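Enquirer: Protein sequences, first through last, are from chains A and B.
This note's numbering puts the first residue of the first sequence at 136, with every later residue one more than the last.
This note's numbering puts the first residue of the second sequence at 11, with every later residue one more than the last.
Quick caveat, the hints were computed from the structure, so don't treat them as lab data.
Fair warning: this is a prediction, and the values are worked out from it, not measured in the lab.
Facing chain B, a subset of chain A residues (Cβ under 8 Å, in silico):
id: 1; residue: Arg-137
id: 2; residue: Leu-139
id: 3; residue: Leu-152
id: 4; residue: Ala-155
id: 5; residue: Ala-156
id: 6; residue: Phe-159
id: 7; residue: Leu-162
id: 8; residue: Arg-164
id: 9; residue: Cys-196
Note that the Cβ used here is the ideal one computed from N, Cα and C, for glycine as well.
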Amino acid sequence: MRHLLVRRVALTLCGLLVAAALLFAWLVRWPATPPSSASSGPSIAPVEDVRALFDRRCGRCHEAAELSSSLGATSDPPARAREMLAFLREHGQSTDVESRAIVEYLRQGP
Amino acid sequence: MSLLFRGIVWFGLYTVLVVLPLAVALVVHPLSGQRPVAVDLAAAAGFIAFALIVLEFALVSRLRAASDPFGTDALMYFHRLMGLAAVAFLVAHPVLFAGHGLSAASFNPMAGGWNRSSGALAFWLVLLLVASSVWRKRLRLGYDRWRRVHAAAALIIVAAAIAHMLQAGTYTQVPLLAGLLLLYGVLFLALMFRYRVVRPLQLWSRPWRVVENRDEGADTRTLVLHGAERARFEFEPGQFAWLITGGTPFSAQQHPLSIGSSAEKAGEGTIEFSIKALGDWSGTVPSLLGPGARLWIDGPYGAFSPDREPAQGFVLIAGGIGITPMRSMLLTMRDREDVRPVLLFFAAANWQRVMFRSELAALEREINLKTVYVFAAAPDDWEGERGFITRDVLARHLPRQYKRYQYFVCGPPPMMDSLETTLTEMGVPAARVQSERFDMV
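Using the sequences and the hints, build the whole thing.
Expert: Printed below as a string of structure tokens:
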């Protein structure tokens with residue numbers, strides 16, 4: 136009979152863990168940063184080493200060469216660059232100035 | 011400290027350890043700016059999957075203090091369920107990232123930097139490990155080989171997961187969280203070291219020797235073992251131990267078996283295990299263990315024991331080799347001169363598949379025992395119960411006060427599933443029904 140109990144306990148725990156993940160995703164952005172802060176907030180110092188910036192902001196998960204070739208592979212590279220910029224603004228932790236520098240770096244090829 | 015309280019403490023500790031990395035990530039909160047919710051959910055799923063994976067080993071590392079309140083088979087079952095939960099969280103981790111810049115190449119452990127390939131390696135190894143566990147028999151993977159592969163894969167998974175999180179994770183750039191993850195790695199290694207090195211070394215100087223290898227019929231052999239004084243241990247009737255063959259206590263040939271002898275004889279240094287030829291090891295090794303053969307016993311474990319709860323009487327329900335722990339209970343009752351009533355239901359195909367027949371007949375004269383045989387393939391002249399142990403069969407034999415008895419069920423999983431439901435429907439309180447399952451993998 137312990138097995139029925141174990142199954143119930145495991146299911147309850149899984150439910151609690153899903154709830155914990157959702158709570159984390161909500162709490163981690165609270166108090167919410169205004170959406171415009173990334174672009175209109177205090178800008179950083181001029182980007183001197185964009186390669187290091189890429190490594191810091193993106194390089195842990197993405198290969199520069201891979202992203203660069205995806206920019207060149209499309210029939211409309213400027214549109215792809217705009218997409219990537221929008222994506223960086225949404226996804227990354229870089230400021231607007233940094234995002235532009237990263238996209239330009241990728242366009243030129245690392 | 012009561013078993014219930016200890017159980018609550020251990021489960022509480024487990025829960026805290028599962029959510030601790032997530033809680034610390036929330037506190038250190040190194041990010042600023044807007045991010046899609048899916049990215050934070052992906053990070054959360056990754057932290058939970060990691061903690062679950064590391065703690066999987068703790069559940070099955072034979073920590074007696076932790077397994078005592080629950081029973082080892084219950085912990086094994088919990089290990090299996092939480093393993094599947096870990097897979098769900100693990101798969102959610104890259105899936106949630108997929109819409110936010112994670113390319114298909116990231117799943118290739120041979121491509122990209124070590125930061126990504128370590129994550130991919132851990133991901134695929136976890137899936138492989140779970141698949142080989144769930145479908146071990148279908149894949150015809152021997153138990154001993156599977157144990158070795160399972161342990162090696164677990165070690166690589168934890169190392170690769172930590173490497174991935176430290177290098178690819180944004181949260182883990184904070185030293186506190188990175189340190190915590192490393193601490194989980196150290197905990198895993200410490201448990202592995204205790205399980206693989208310390209425990210076998212402790213057993214090394216406590217060998218047991220086979221004094222008799224008896225054929226019980228029905229493809230079953232009983233090993234009678236004798237241990238020197240320092241090897242002996244007390245046990246409760248119904249408990250089990252890991253029998254280690256293969257020449258050293260470091261051997262992968264470690265099998266959980268119910269102790270079949272009387273708990274009252276433990277002090278004399280003799281212990282018995284009955285083994286039915288059901289698999290690769292049980293079908294070959296036991297018959298080769300002649301008198302003088304050296305082996306080791308890691309035990310006792312398990313909570314399947316009449317010693318733990320007060321009872322007015324007992325109902326023992328055994329299917330096939332599931333009679334072994336019941337035999338220990340009955341022999342112990344005889345040696346303790348316990349006069350409480352015992353009703354034993356013994357399911358088998360026919361008389362030829364019944365082991366310990368004469369011993370059970372003798373016990374019926376020595377203690378307050380009544381045995382009901384239920385044969386699935388009974389001969390035409392059989393006048394007893396036929397088929398399976400159903401509600402009708404139980405109702406015909408149970409005493410009027412049956413709801414106050416303790417129930418012990420051990421046999422094939424479908425039989426136990428069916429009986430647990432039947433007994434509940436008959437009004438037996440769930441807390442009075444104990445079952446023991448050895449289909450651990």
